[in-house]
Structure formats: C-alpha cells, structure tokens
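Residue numbers (the numbering used here), protein chains in the order written: chain A, 1 to 137; chain B, 1 to 137; chain C, 1 to 137; chain D, 1 to 137.
The set of hints was computed from the structure by calculation and includes no laboratory data.
Please read these numbers as outputs of a predicted model, since none were measured by experiment.
Do not rely on the hints blindly, as some may be mistaken.
No copy is singled out in the list; a pair is fine if it fits within one copy or between any two copies.
Unchecked claim - With a straight-line cut-off of 25 Å between C-alpha atoms, the simulated DSS-like cross-links for lysine-lysine are:
#1 Lys45 to Lys80
#2 Lys8 to Lys80
#3 Lys130 to Lys45
#4 Lys113 to Lys40
#5 Lys40 to Lys95
#6 Lys44 to Lys95
#7 Lys48 to Lys113
#8 Lys8 to Lys44
4 protein chains.
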Amino acid sequence: MEYLTEIKVRGYHADFYGHVNNARYLEFFEEDRWATLESKIDLKKWAKQGIIFLVVNINVNYRLAVPVGETLVATTTIEKIGNRSVVLNQQILIKESKKVAADALITFVIADKTGRAVAMEGEMLQEIEKLRSSGTV
Amino acid sequence: MEYLTEIKVRGYHADFYGHVNNARYLEFFEEDRWATLESKIDLKKWAKQGIIFLVVNINVNYRLAVPVGETLVATTTIEKIGNRSVVLNQQILIKESKKVAADALITFVIADKTGRAVAMEGEMLQEIEKLRSSGTV
Amino acid sequence: MEYLTEIKVRGYHADFYGHVNNARYLEFFEEDRWATLESKIDLKKWAKQGIIFLVVNINVNYRLAVPVGETLVATTTIEKIGNRSVVLNQQILIKESKKVAADALITFVIADKTGRAVAMEGEMLQEIEKLRSSGTV
Amino acid sequence: MEYLTEIKVRGYHADFYGHVNNARYLEFFEEDRWATLESKIDLKKWAKQGIIFLVVNINVNYRLAVPVGETLVATTTIEKIGNRSVVLNQQILIKESKKVAADALITFVIADKTGRAVAMEGEMLQEIEKLRSSGTV
C-alpha cells in the first residue's frame with residue numbers, strides 16, 4: 001500500500017518531552033486530508049463556486065508517543081456521509097510497525113458563499129462519494 | 001471575571017480563509033491548560049518526581065470562524081475526575097460578545113517515569129481537586 | 001518599562017532540545033511588530049486602502065538557549081527609515097535578567113494593491129515616523 | 001536534479017494574506033537542512049557524543065509571495081566553513097518555474113555537552129566537508 005503523506009519526525013515537530021506535539025498531529029491530519037481530497041476531487045472547480053470545506057469537530061486519540069527520527073504515514077477514509085456533514089476516519093501510523101500513533105474522526109460540512117452548510121446531494125454528493133473508492137486512500 | 005489567557009488574533013494565526021486555523025486552537029487550549037494548572041498546582045514538584053500529564057483524547061468543536069483582529073479569551077474547568085484520567089472542559093470565547101468560538105473536552109492521564117498511567121489518589125488526587133476551586137478558572 | 005508582548009515559554013514552544021524553536025521566535029517577533037504597529041498606527045485605515053506591510057528580509061541572531069518556564073518580553077524600535085523600506089530592530093529578552101535571547105533586523109516595504117512597493121512619503125511617512133516616538137516601544 | 005524536500009503549499013501554511021507565512025519558511029528550511037545533513041552525515045553517531053548543531057544566525061530574503069496550491073522544493077549547499085562555524089546557503093524554489101521564493105544564509109556552530117562551540121577540525125571537519133559533495137544537494 002502506498003501512502004499520500006509521509007512525514008519524518010524532526011526536532012521541530014517535537015515538544016519539550018521529545019515527542020510529536022498534539023497540535024502538530026492536526027497539521028499531519030490536515031495534510032493528508034488535502035492530499036486525499038485533491039487526489040479524488042476537482043477542488044478548484046468547487047473553490048470557484050465559493051464552496052468551502054468547514055471542519056466542525058475533531059475527535060483525536062493520541063495512542064503512542066512518537067520520538068524524533070521515526071517515520072509516519074497517514075490514511076484518510078470515509079466513516080460516514082450524512083445529510084449535511086461528512087465524517088472522515090484518519091490515522092497516523094508508524095511506517096515500519098504500522099502501529100497507530102493517533103487516529104481521529106473529523107466532521108466537516110460544506111458551506112456556500114453565504115457561509116451556510118449545504119445539503120450533500122446531486123453533483124456534490126457524487127464528488128464526495130469518490131472518496132469511498134479504493135486505491136491509496 | 002478575569003481570564004488567564006487572552007489572545008489577539010493576528011494574521012499569522014489565520015489560514016488561507018482568513019480564520020484561525022484548527023491546529024492553532026489546540027495551542028490556545030494548551031496555553032490555558034498550563035496557565036490554569038500552574039496557577040493551582042506546584043508543577044515543578046511533580047516534574048521532579050518524573051510525573052507528566054499525557055493528553056490521550058481531544059474532542060473539539062469549532063463553532064465560529066474567528067477573523068483576524070478579534071480578541072479571544074480561554075477558560076479551563078474540570079469536567080470529571082476518573083480513577084485513572086481527568087477530563088477538562090475548555091472554551092475559547094470571543095472576548096467582547098462572550099460567544100463560544102470553540103470548546104473542547106480534553107482527557108489526560110498522569111504517567112510516571114516508566115510511562116505508565118498512575119491512579120488518581122492520595123496527594124495527587126488532592127492536587128487535581130484544586131482545579132475545581134473557583135476563582136479565575 | 002512596560003512591554004506590549006510577554007510570553008511564558010511552554011512545552012509546545014520548545015523543540016527536541018527543550019529550547020524555544022527558531023521558527024517560534026519569528027512568531028514572537030511578529031506578535032510584537034503587530035502590537036507595536038497597532039499601538040501607534042491606524043492599521044485599519046491603511047488596510048482599507050489596500051496597503052500591506054511586506055517583510056523582505058529577516059536577519060536574526062539566536063544568542064541564548066531559552067528553557068521552558070522562562071518568561072520572555074519583546075521590544076520593537078525603528079532602526080532606519082529609507083526611501084522605500086523600513087528596518088525595525090527587535091529584541092526578545094529574558095524578563096527577569098534582561099539578557100537578550102534573540103535580536104533581529106526586520107526589513108519591510110509597504111506595497112499597494114498592485115503589489116508594488118510604494119515610496120515612504122507624505123502621510124505614510126508621517127505614520128511610520130510615529131514608531132520612533134518613545135513610550136512602551 | 002532531484003530534491004530531498006518537496007512541499008505542496010496548503011491553506012494551513014498560508015496566513016491572512018493567502019501567502020506562505022514567514023515563520024513557515026524557517027520550517028521548510030529546517031526540514032531540508034535535516035534531510036541534507038542525514039543524507040551525508042551519521043547524525044546518530046554525533047548525537048551519542050552529545051554533539052549538537054546550534055543555529056546562531058538566520059538571514060533570510062523573502063523574494064516572492066507564494067500562493068496556496070504551488071509546489072516548492074528546497075536546496076541546501078555549503079557557503080563557507082570557518083574555524084568555529086559553518087554557513088549554509090538555502091533556497092526555496094517554485095518547483096515548476098525554478099524561481100526563488102526565498103533564500104537564506106544559515107550560520108551554525110557545533111556544540112559539545114557543555115554547550116560550548118567546538119572547533120571544526122579532525123573527524124568533525126571531514127564530516128562537514130561531505131556536505132560539499134555534489135549530488136542531490
């Protein structure tokens with residue numbers, strides 16, 4: 001299996017305890033979300049229409065303290081597509097052992113120019129459904 | 001009410017959309033956790049014994065998109081003290097309107113030198129109970 | 001002397017070596033630049049006209065390794081006003097000892113809506129000159 | 001030519017103006033320094049001896065405002081090896097056009113366990129000289 005996102009943990013990712021900082025994980029998750037979304041969806045087309053992806057909840061479990069020097073990989077899959085929101089399931093794994101360092105459920109809505117969440121239907125739903133397809137993600 | 005943490009939102013806190021980035025909120029929450037903990041607990045004493053606070057879950061709701069120029073304040077209270085973990089309830093508020101921009105439940109355990117979670121009892125429990133006390137937090 | 005920016009160094013500011021990370025200092029400097037600018041200049045007025053401050057060079061000396069727990073303060077003064085650029089002199093000091101942890105010369109230009117640097121003259125020059133005035137900065 | 005570091009600019013790298021933030025560039029530079037150093041030098045061997053690389057000056061020119069969506073690459077070469085310090089020359093380029101977005105001179109010293117800079121000589125000098133060798137860096 002190939003991963004879209006691979007991160008070698010550096011000293012600047014770590015905090016005082018020598019482990020990857022909690023806030024950094026959110027950046028790693030965000031990196032893989034964008035990599036995954038753009039590998040399946042024409043994001044520019046949606047951006048032109050003023051459609052944006054708005055994260056409304058992040059529920060993250062920190063499972064392992066990852067030291068500097070370790071290499072991490074990330075995965076992003078669909079957990080659930082609701083009427084007005086999508087839940088992604090993301091994992092950060094230690095590349096070698098495949099042990100889960102952190103996992104997260106990320107809930108986002110799709111908002112239009114007026115800032116209001118729009119229903120997941122029609123062409124938008126079809127686009128989002130593409131994230132279910134197998135492959136690297 | 002006085003707040004331990006006050007943050008004026010700057011351009012470098014914002015992302016492409018001009019709003020405070022998701023990962024930044026975790027830093028704001030972390031800032032207020034430390035400010036709150038050190039206002040009530042002698043952290044250095046615990047550090048000397050090799051005791052560390054280990055966040056195991058963060059569940060954060062992003063409720064408002066906060067623009068650059070706004071001033072935010074933070075609060076940290078005890079949600080629940082369990083046998084082996086503590087849940088904090090944190091909020092980031094817009095200072096003027098007191099509207100909640102983001103809130104989070106943060107679960108942490110207390111680990112000893114060997115990295116294992118220790119039970120919340122005795123002196124440790126007494127220290128943690130101090131976080132319940134009223135005042136600025 | 002009062003400082004506009006005061007930062008207690010936390011674990012998340014530090015890197016693997018337990019010291020404030022190089023990139024973090026740039027955020028501390030940026031924080032104090034904004035605090036200083038907005039204490040003297042009506043930034044919103046300029047923003048409305050599409051005027052932005054564009055940093056073109058940062059030359060920073062890291063002089064002391066600052067450990068977690070230390071409190072830092074920052075200063076921002078005018079080093080030189082040129083025809084098309086301004087050089088600021090910034091310092092990050094350890095609050096207690098007043099030892100310099102890092103200092104920097106920051107060169108910025110003022111750009112208009114078309115992205116081109118504009119000459120420092122007229123009303124703009126008067127505004128920038130305000131940064132010379134004594135007080136907290 | 002192959003690059004050790006390639007970064008796709010995401011929304012979370014950008015600031016309010018929609019461009020890569022100044023402090024982020026320092027992380028990109030740091031990323032490529034570590035990638036370059038570890039591709040030529042046995043860093044673990046030196047770490048075991050308590051030898052650390054200490055950045056004492058960063059002089060960075062911001063030449064282009066880089067928008068979200070652009071792909072950047074980085075280069076790190078030796079500018080000068082002195083008696084007690086090394087100067088690296090680093091560039092961040094837009095991958096497609098090879099235009100320089102930012103460049104920097106980074107001065108570091110090598111410090112021993114006591115925190116004092118050590119002279120660049122003997123085995124240490126040989127290791128550092130490896131960074132001159134051609135290849136990807």
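Quick rundown of the hints versus the structure:
1. Lys45 to Lys80: within (24 Å within a copy, 46 Å between copies)
2. Lys8 to Lys80: Cα proximity of Lys8 and Lys80: none, with 30 Å in one copy and 28 Å across.
3. Lys130 to Lys45: So Lys130 and Lys45 pass the 25 Å test inside one copy only (15 Å; across, 46 Å).
4. Lys113 to Lys40: For Lys113 and Lys40, only the intra-copy Cα distance (23 Å) is at most 25 Å; the inter-copy one is 35 Å.
5. Lys40 to Lys95: both (23 Å within a copy, 22 Å between copies)
6. Lys44 to Lys95: So Lys44 and Lys95 pass the 25 Å test across copies only (20 Å; inside, 31 Å).
7. Lys48 to Lys113: For Lys48 and Lys113, the Cα distance is within 25 Å both inside one copy (10 Å) and across copies (22 Å).
8. Lys8 to Lys44: between (29 Å within a copy, 15 Å between copies)
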